[in-house]
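*Asks:* So the sequences go chain by chain: A and B. First residue of the first sequence: 160, per my numbering; consecutive thereafter. First residue of the second sequence: 160, per my numbering; consecutive thereafter.
The hints are simulated quantities; they were obtained by calculation from the structure and are not laboratory data. Do not rely on the hints blindly, as some may be mistaken.
You can't tell identical chains apart in this list, so a pair holds if it fits in one copy or across any two.
Straight line, CA to CA, 35 Å or less: simulated DSBU-like cross-link-like pairs of lysine-lysine [as the list claims (entries may be wrong)]: (1) K182 - K451; (2) K179 - K478; (3) K179 - K451; (4) K406 - K179; (5) K457 - K240; (6) K444 - K240; (7) K240 - K451.
There are 2 protein chains.
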Amino acid sequence: MRPPPSLVISMLQVSDQLLKGDKRALSKAISLLERGDPQGSVVMREVHSHAGCAYTVGITGPTGAGKSTLIARLAEDFRGKGSSVGIVAVDPSSPYSGGALLGDRIRMELHYLDPEVFIRSMATRGSHGGLPRIIKGVVRLLDAAGKDIILVETVGVGQTELDIMGVADTVVVTLVPEAGDAIQTLKAGLMEIADIYVVNKADRPGADQMVSHINAFLTTGDSDGSWVTPVLATQAIDGQGITELSKQIQRHRDFLSSTSRLEERRRERRAQELLEVLEEELGQKLRERIDKEPRLNKLVEQVRRGELEPYSSALELLKDVSSPLDWLLSSSR
Amino acid sequence: MRPPPSLVISMLQVSDQLLKGDKRALSKAISLLERGDPQGSVVMREVHSHAGCAYTVGITGPTGAGKSTLIARLAEDFRGKGSSVGIVAVDPSSPYSGGALLGDRIRMELHYLDPEVFIRSMATRGSHGGLPRIIKGVVRLLDAAGKDIILVETVGVGQTELDIMGVADTVVVTLVPEAGDAIQTLKAGLMEIADIYVVNKADRPGADQMVSHINAFLTTGDSDGSWVTPVLATQAIDGQGITELSKQIQRHRDFLSSTSRLEERRRERRAQELLEVLEEELGQKLRERIDKEPRLNKLVEQVRRGELEPYSSALELLKDVSSPLDWLLSSSR
């Protein structure tokens, strides 16, 4: 489990390079996390104290809302102000075809090749849905590598959108003027996740109504009055509204920083990440054990054949778990 | 953990009633699963041998595709053929507002109140994304209660759509003529999940092109030639195309049954469910333990404050896990 000393040394080199902003070291560290390689843990520990300066913006919304274009323009805006930018695009790819598309889409949208913009695609494949479990770690690596602004793109309605709250300091929900989707999204209660709304493709019919509709909804919903969620109209394709969006992100950042909310959000996020990694690893250990142990293997076979009921068999297997979890304590420092 | 004998007896009564098709018993059993009540385990074990006759159809697609209407019409079609129908609507609801909307939408769409149609909404809230972990159990309860056809509605692009393959015998992907969303969906590799495509709201402009587009895509992608995925145009709102959809579902069922594929799918699903429940329960135990143990609690606090790095702290805590997982074996029969 624990890497040998020589690998630790090489990981310390990776960490050093990463802290200097080296792209190859950054890519390598992210790949270690993706593979669940224990060496990734060495890097994470090394760079930890250097993270904490970056600001993370989540951009979410349905497919076709123009998020990739919006992110490319936003990245250029931040670059123009002298900030370095990291982009993580989370791709709801199939378990079959795999692949990573969103990142490539953003690359194509960028007006010029900028060495200070680091783009990484990550597939949701392999995670239990929603965002990949290691996304918080990836954002922290970008942070430690000196990125000032980290943009995280996610697609979809439902869990993935909710998960973005656990990653981003500011959440931008992007919609298009066609009202059908949006109204349902709002009704489904997903509106609470947005710190800023963007109605993109604002040249399309219905954009004004859409903005009014969301505003009306927000006014009704806003009770404590501390942050009034702005609703912006943009046309990312020709850069319209991007300056205003960038300004509102800064305004939200100032708002969070002026209260204790930013630090509170980040504290909860760290505790949450610990739990997520623990759960993921426990599940992994469980699967490895089942593969190795004939007795567990037999149980799985009986369930597979329908001789035993899955749900009750699982609970039966774990019925004594409160005492066996003692190992957790004995192995903690 | 294990319920006392008197509760077991009352659960046997619930099971008996459920097997007779009693709706209250069915609702109660589902609620037990939702709450993670150990009594649910008793019911699951009791009714297990009576499940296996139902056929499960998953209906998925983006919001605004008219899935609720489609499901209502489809339910009526199956009822007209004398089949009993169960509907499970999985709602991507917010962790704040909660609630259950899709099921209500379907109810409103039904032309008449039919006691043989059982509708249940389930929130994705509390699950780690995608479908709720207990959904396979809920489908099995409906199966044991004598439902011939079980329709499962899910929303969204990404994990939830992929998860539906783990629940449904036949997966129907529903799209609307507006091409933007669909093309991206296809490109993202989500096409592999569909056994049948439906282009709903086919009166809108672009429906024919959409059908052609998907067909072209499928012809390219189809290699083994065993099941040619049909692409249907429907107008669920006035029932157009529903008979054909119902026929194609039956055709796919016949196809799966004529080979060993149906049984293979179901076997994998059962094994998968065992693992999912085990993982969920392990995570639950872990959280309970952290709440109770000052030492673990302290670790979480240190991570929360940023003194320790979350990812490496989690791995460090679990570094001796291969031996402690012995408990799993000692508690299995």
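*Asks:* Are the CA atoms of K444 and K240 at most 35 Å apart within a copy, between copies, both, or neither?
*Replies:* neither (46 Å within a copy, 48 Å between copies)
*Asks:* Within, between, both or neither: how does the pair K457, K240 come out at a Cα-Cα threshold of 35 Å?
*Replies:* Close neither inside one copy (61 Å) nor across copies (41 Å); limit 35 Å.
*Asks:* 35 Å Cα cut-off: does K179 pair with K478 within a copy, between copies, both or neither?
*Replies:* So K179 and K478 pass the 35 Å test across copies only (30 Å; inside, 50 Å).
*Asks:* Could you place K179 and K451 in one of the four classes (within, between, both, neither) given a Cα distance threshold of 35 Å?
*Replies:* Neither: 43 Å inside a chain and 42 Å across chains, both beyond 35 Å.
*Asks:* First find the shortest C-alpha distance between K240 and K451 inside one copy, then the shortest across copies, and answer within, between, both or neither for a cut-off of 35 Å.
*Replies:* neither (55 Å within a copy, 49 Å between copies)
*Asks:* Between K406 and K179, at a C-alpha cutoff of 35 Å, which is it: within one copy, between copies, both, or neither?
*Replies:* within (29 Å within a copy, 62 Å between copies)
*Asks:* I want to check one pair: K182 and K451. Are their C-alpha atoms no more than 35 Å apart within a copy, between two copies, both, or neither?
*Replies:* neither (39 Å within a copy, 43 Å between copies)
Of the hints listed earlier, those the structure fails to meet are numbers 1, 3, 5, 6 and 7, in rising order.
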